[in-house]
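Residue numbers (our numbering), protein chains in the order written: chain A, 1 to 113; chain B, 1 to 112.
Since the hints were made in silico from the structure, they are not lab data.
Among the hints, erroneous ones may be present.
Stated by the list, open to error - Incomplete in silico selection of chain B near chain A, CB under 8 Å:
#1 22
#2 30
#3 31
#4 33
#5 43
#6 45
#7 96
#8 97
#9 99
#10 100
#11 101
#12 102
#13 103
#14 105
Backbone N, C-alpha and C fix where the C-beta goes; we use that ideal spot for every residue, glycine too.
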Amino acid sequence: DAGITQSPRHKVTETGTPVTLRCHQTENHRYMYWYRQDPGHGLRLIHYSYGVKDTDKGEVSDGYSVSRSKTEDFLLTLESATSSQTSVYFCAISLGPLNTEAFFGQGTRLTVV
Amino acid sequence: GQQVMQIPQYQHVQEGEDFTTYCNSSTTLSNIQWYKQRPGGHPVFLIQLVKSGEVKKQKRLTFQFGEAKKNSSLHITATQTTDVGTYFCANHGSGNTGKLIFGQGTTLQVKP
Numbered sequence: 001d002a003g004i005t006q007s008p009r010h011k012v013t014e015t016g017t018p019v020t021l022r023c024h025q026t027e028n029h030r031y032m033y034w035y036r037q038d039p040g041h042g043l044r045l046i047h048y049s050y051g052v053k054d055t056d057k058g059e060v061s062d063g064y065s066v067s068r069s070k071t072e073d074f075l076l077t078l079e080s081a082t083s084s085q086t087s088v089y090f091c092a093i094s095l096g097p098l099n100t101e102a103f104f105g106q107g108t109r110l111t112v113v
Numbered sequence: 001g002q003q004v005m006q007i008p009q010y011q012h013v014q015e016g017e018d019f020t021t022y023c024n025s026s027t028t029l030s031n032i033q034w035y036k037q038r039p040g041g042h043p044v045f046l047i048q049l050v051k052s053g054e055v056k057k058q059k060r061l062t063f064q065f066g067e068a069k070k071n072s073s074l075h076i077t078a079t080q081t082t083d084v085g086t087y088f089c090a091n092h093g094s095g096n097t098g099k100l101i102f103g104q105g106t107t108l109q110v111k112p
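Could you put together the complete structure from these sequences and hints?
Structural data, given as structure tokens:
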């Protein structure tokens, strides 16, 4: 498996609290992605990064922010968690912008109560 | 981004039967990638198709990219219980941005 670590792996939080998920890679890949996975919706792109401090929105970015201050770390923040953000979150990395495979982390299961 | 619609959402087959999942787009795709996610696991890359009409095989799996580059299929011959999981197609959007969009996935159940 590619060197991708997501933390935490599981988290339960209360509605209205801020939450930060971390994705750490040791592969020096330029592209990093955050997806959420929900039944019936597949994998939906939240935000992605194409370099340090370079990020862009995905399909479902409302309520989420990201930061990438170092190549190896991509943080996903829920400023004020809501129950609709209960999901499994996957981080992925890719070497290039096109025609390169994505490697996924193990996922973070987030429950907002 | 380019939307890819994947069908069916679920498929139950008897072991030994064939299985096919389809990925369709209204616009021309730059490429198509296929991933497999085992229950409780994370998606794992299977293959990429880039050329119009391209066909690739991996043992019992056959991947096709349509002539117009608007659709793709994954066909599994003689399914086994190890084929259980969710199969996703994915596509890099236009503009060389690196954005990678996934279809909704097809979940395959195989009855022994």
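Each hint tested on the structure:
| no. | hint | verdict |
| --- | --- | --- |
| 1 | 22 | violated, 14 Å |
| 2 | 30 | holds, 6 Å |
| 3 | 31 | holds, 6 Å |
| 4 | 33 | holds, 7 Å |
| 5 | 43 | holds, 5 Å |
| 6 | 45 | holds, 4 Å |
| 7 | 96 | holds, 5 Å |
| 8 | 97 | holds, 6 Å |
| 9 | 99 | holds, 6 Å |
| 10 | 100 | holds, 6 Å |
| 11 | 101 | holds, 6 Å |
| 12 | 102 | holds, 4 Å |
| 13 | 103 | holds, 6 Å |
| 14 | 105 | holds, 4 Å |
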